[in-house]
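Q: Residue strings, one per chain:
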Amino acid sequence: MALLSGGEMLLRALHDEGVEFIFGYPGGAALHIYDAIFRQDKVEHILVRHEQAATHAADGYTRATGKPGVVLVTSGPGATNAITGIATAFMDSIAMIVISGQVARESLGSDAFQETDMIGVSRPIVKHSFMVQNPQDIPEIIKKAFYIATTGRPGPVVIDIPKDVTDPNVKFEYSYPETVKIRSYSPPAKGHSGQIKKAVDILLSAKRPIIYAGGGVIQGEGSELLTQMARKLGYPVTNTLMGLGAFPATDKQFVGMLGMHGTYEANMTMHESDVILAIGARFDDRVTNSDVKKFCPDATILHVDIDPASISKTVTAHVPIVGPVVPVLKEMLELVEAGKSKIDAAALKVWWERINHWRTRDSLKVVLADNDVIKPQQVIQALYEVTQGDAYVTSDVGQHQMFAAQYYHFDKPRRWINSGGLGTMGFGLPAAMGVQLAFPSATVACVTGEGSIQMNIQELATCKQCSLPVKIVNLNNKALGMVKQWQDMQYGGRHSHSTYADSLPDFVKLAEAYGHVGIKIEKLSELKSKLQQAFAMKDKLVFIDVVVDPEEHVYPMAIRGGGMNEMFLSKTERT
Amino acid sequence: MRRIISVLMENQPGALSRVVGLFSQRNYNINSLTVAPTEDPTLSRLTLTTVGDDRKIEQIIKHLNKLVDVAKLVDLTEGNHIERELMLIKVKATGAQRAEVKRVADIFRGVVVDITPTMYTIQLTGTSDKLDGFIAALAGTPILEVARTGVSGIARGEKVLSL
Ligand SMILES: Cc1ncc(C[n+]2csc(CCOP(=O)(O)OP(=O)(O)O)c2C)c(N)n1
Ligand SMILES: [Mg+2]
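Line by line, the protein sequences are chains A and B.
Residue 247 in the working numbering sits at position 247 of the first sequence; the count goes up by one each step and never skips.
Residue 19 in the working numbering sits at position 19 of the second sequence; the count goes up by one each step and never skips.
Okay, chain B solo, but in the shape it has when bound (with noise of 0.2 Å):
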């Protein structure tokens, strides 16, 4: 099963070669990771997105909360979250094919950021299921260039994740 893992650390050299290293040493997968700092400088938040059956989810769980640096993590997964990516997407958009590249940009919520004669730049943010199905959606327009941040998450309601 996908999981989000929201981890707070130390915003500290070598703190996040620790948490890549942990995943590539004990044969973790990393789908998507994301970091940066806190409104705490000194703390870095982290979000990996992985998939795993519950017995190395929980490994990995315990792995991430022995680092020394890892102050608190939590399985956004296990409960109500957000989940959100963004997305710059540049296409081909020429002649009738801008159109309806703008049309389906529109349906999806996307914004184009920048344009010239014969392109679009798209961004677009959501679940990664959404961007996915964007991509998608464009089948037959030539997309140039992908950049995805990863996911990142926060739980729904009360819950906060924090020091």
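For reference, chain A alone in the conformation it holds in the complex (with noise of 0.2 Å):
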């Protein structure tokens, strides 16, 4: 048996774990671990220019593959720095492993030299957490780590390691457990088949029925038994933001995402459905809108969830189901085709003209500006058509992110890769770094506005260092569009310190300056064929500004305090 210190056996383990690549930046606490990095070849370390973007990216590489990426910081300030991106994996169910260094042990908790408590800090925002008390301890941590990380609902899982575990010269015997088991910790396996049973039979004598498809759908792998199953029904299909592509988004079932900014046939269908089968969501208050009590008034819910506290959170489920989704869908199918003759075929028929009378309405219409004005709705339509709908896309918060959700029609789950839950600017460059580095050859665009960009702009550094060739979409509207759509809704147009058009940097010269390509896009006219120009320098980072209208909204757009049906659908028409 190899003999080995602390940071030895936290690499050895990562590596027995499968890790390709560690996100992370140096500092004093996390030193042992560098120089354990520094004298192995197996796991890329991939150095950031801010801990923020570490967990970004290694959240944006989670999301792409599937499997978990991995932070690695120093103490205190490098510690609260990946906090952010920690949150923003922790409201996304994202299975992430952050290694933070911390004071060596004799010196916890006595304000040295950049100690903070990590896991206090980290504490409401991770699955788990745990401090290494012991170097001979670390394999397990690892392997329980990764174990907590990606089974049942995912999330973040925060290790700290004081200094001292990982000094050079004090080795033990190392083995990588095979397997792990944690008496207070069994994720379900399955779910209830009497529930199964029970939601079946209600979903097949349903008269307006809707399928209601979100994130989970997506982490747990889910997508092809869904898109089966929708299509042996014959049902409508909506996604939530975090689910776009869990059902393919150009399938004639599809009715587009739900919620706040969701399609009016979308959210039509859901107020007026008679039963909702909602999987892998969780009835947020971005999809319910602000009155639960207005929320779907006729619906019988069906709720497959694998974490049973998502469940009659907000909305009461009348059929809970506790499980994973591939096992659930697995048997919910089998009984959707045994039980096929059930469905209502006329009713079914009536709802479809309904809901395609509701289409007509083309809430998603583009209107057209004058003067080779281009519209972000259009920046958006013209990536999706020259990327021909099969890039990997991120995006940052704001109506960007809402076009780009609204408009990139995405047939492929582990494509869409946003900030759902906590909203973060300055997640999509990194993000996309992540992304890329897990599918060299594929195309990555992120989609941003000028105001979330400048908030990790500083990774055009490592895009440089580690050659990826990412495609910044910019679409600059000169303002922190999404505030100040807000001001204008209900503000009087009072824009408060969401406007800063004097003083935005030459994202042209910026790209340059960190070695890039910058693009500047003004004219509609010259839209599809820059882009193409653009995404035709394979091997190059392009940065391309984009300036947009910077009056446009982002609709429909959901009226607060009112139920699913009650929309704006541009600044002169609500329902």
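Hints were generated in silico from the structure; no laboratory data involved.
It is possible that part of the hints are untrue.
As the list claims (entries may be wrong) - Pairs of lysine-lysine residues, derived as BS3-like cross-links and limited to a Cα-Cα distance of at most 25 Å, are as follows:
(1) A:207 to A:252
(2) B:72 to A:293
(3) A:313 to B:62
(4) A:190 to B:66
(5) A:181 to B:130
(6) A:365 to A:190
(7) B:90 to A:181
Take the two lone chains, each set in its own frame, and fit them into one complex as the hints suggest.
A: What follows is the structure, encoded as structure tokens:
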């Protein structure tokens, strides 16, 4: 058996766990670990330029691959800089391992240099955390951490390691555990068959059904089964912001995204439905709108989720099913097949007629501008065409994010990568780095805004160092557009601190300063050709700064305090 | 409604802070909390009392169950159960009051565990209601100090909370 130091054990354990990349940033308390990184070549370390970016990059890697991303930061400021990214992953149930250096055991609690109680600070935003007390525990803790992060409802796990635990001079026997068992932790392996049967019976007897699928379907690898079942049933399907790609957007049964900026037809179909099959979705307030009493008044709710705490949290489920999506969907699919004849085809036909009528409202129609001005929606439409709908699209937070969600039609899971729950500006570029590292030859586009991109702009340097040919599509409306939209709609147009047109950087020059290519697009007539040109540069990062109409709002938009059927449809129309 | 929730959890550093943190993070109340190792030193038993409607209690139980360190839990108030709390109370006991305090303590089956010429320290066990009742019955007697353990509880009959 090999004798290894704590730092070496950590690297070996990560390798034994199948880790390809560590996203990190060094500092005092992590230096023993960094030395261990230097002396091995199995796990590749990616040096970011800010710890927040390390967490988002790891997060993007997880979302795109389904394998947990790994982060390494030093104690104190390194650890606290990682917090936003941990919270982002936590809110979207993303598996992630965050290893933080800590001051030596004997200094713990003494307000030592760069000491922060990382376990305490991160406690409300992690699935679990470990403080490593002894070097010998490292292999087992790593094993447990990956197991906890990736099973059940996934989430980030923090491992805080005091510096002396990784001392290169103190060595121990190393062996990596093959299995792990935690007596106090047993995620459900399957759903309750009786409940599943009950749910399918209700589903088959529905007259106005809808399937409402969320990010859990993607996380749980249930997209294929869901698609099969939905097609068998012939029912309409809507995806949440987190669930885009769980069911193909170009399928005729897809009614679009639902919720605050969902399509008219998705929200109407929800509101008028008599049965909702919610799967891997959590009735978030961005879906239900603010008053849950008005939520889908006629609907019987069948709710499948791996996390019992997500069921009947805001909206009471009539048939709760706790379990992982795949085994649950398998059981459901069998029952659907056997009971297909029970579907009320006549009622379904009438239902689809109503839905198709709602569709004619064309709630995502883009009202064209004159004078060659580019509407932000047109940029996403062009992006979709240029990338043939086959790109990985990461995004930041704001209007551009909603436009990307509405106008890029995701047909596959794990292609749409955005911070839904926390809404973290600065997520897009580092997340794109994680995706690009995982899939070096894939097209990775980061749809961002001039506000968000400046929150982690320093990562252009990481992209240079690692040759990551991400395409940054900056919808430049010279404003914190989403904030401005709310101010237009709710604060009498008083744009308090949401504009900065006179102090924006020249993004083309900025990209060039970092050693990349910058392209500016100002006219609609050149939008597509210039985008094509940018995406043709396969091995280069291209920063595409697109000047868009600053007056544009995102519609539809839910009317606060209303039901799902209450929406603004444009600056002048409402339901 | 008041609930008594008993939790079996790993006796590990950080476990307690996760339980307590959950309550503040999610805006739930804790009225009392007691925790100590069980016959198996690797397991702690934590008992807490809280109030909330059924929906809130359901969420509390689900979220407690989600904590990785929590192995098992039970809402004791759902069935027949025994509830006990211990109180040590120091009261002024001089002159005529001295006999009166002793008499009230006897009625409540309290035990005087320490005395000085001017005060008594009384130990009392029972439900929280009974302890409250004792304090109320002492009205007029200056109370110098109260130390209560918080509620501990166990189900009646054959039911056990164990791994
Ligand atoms: C870190 C962070 N700070 C503040 C916000 C609040 N916020 C939401 S959208 C938005 C504006 C984003 O501006 P930009 O990136 O330019 O996107 P746009 O809405 O203009 O498309 C702000 C400030 C946030 N989501 N995240
Ligand atoms: Mg903007």
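Q: Can you give the numbers of the hints that this structure goes against, from lowest to highest?
A: Of the numbered hints given earlier, those the structure breaks are 2, 5, 6, 7, listed in rising order.
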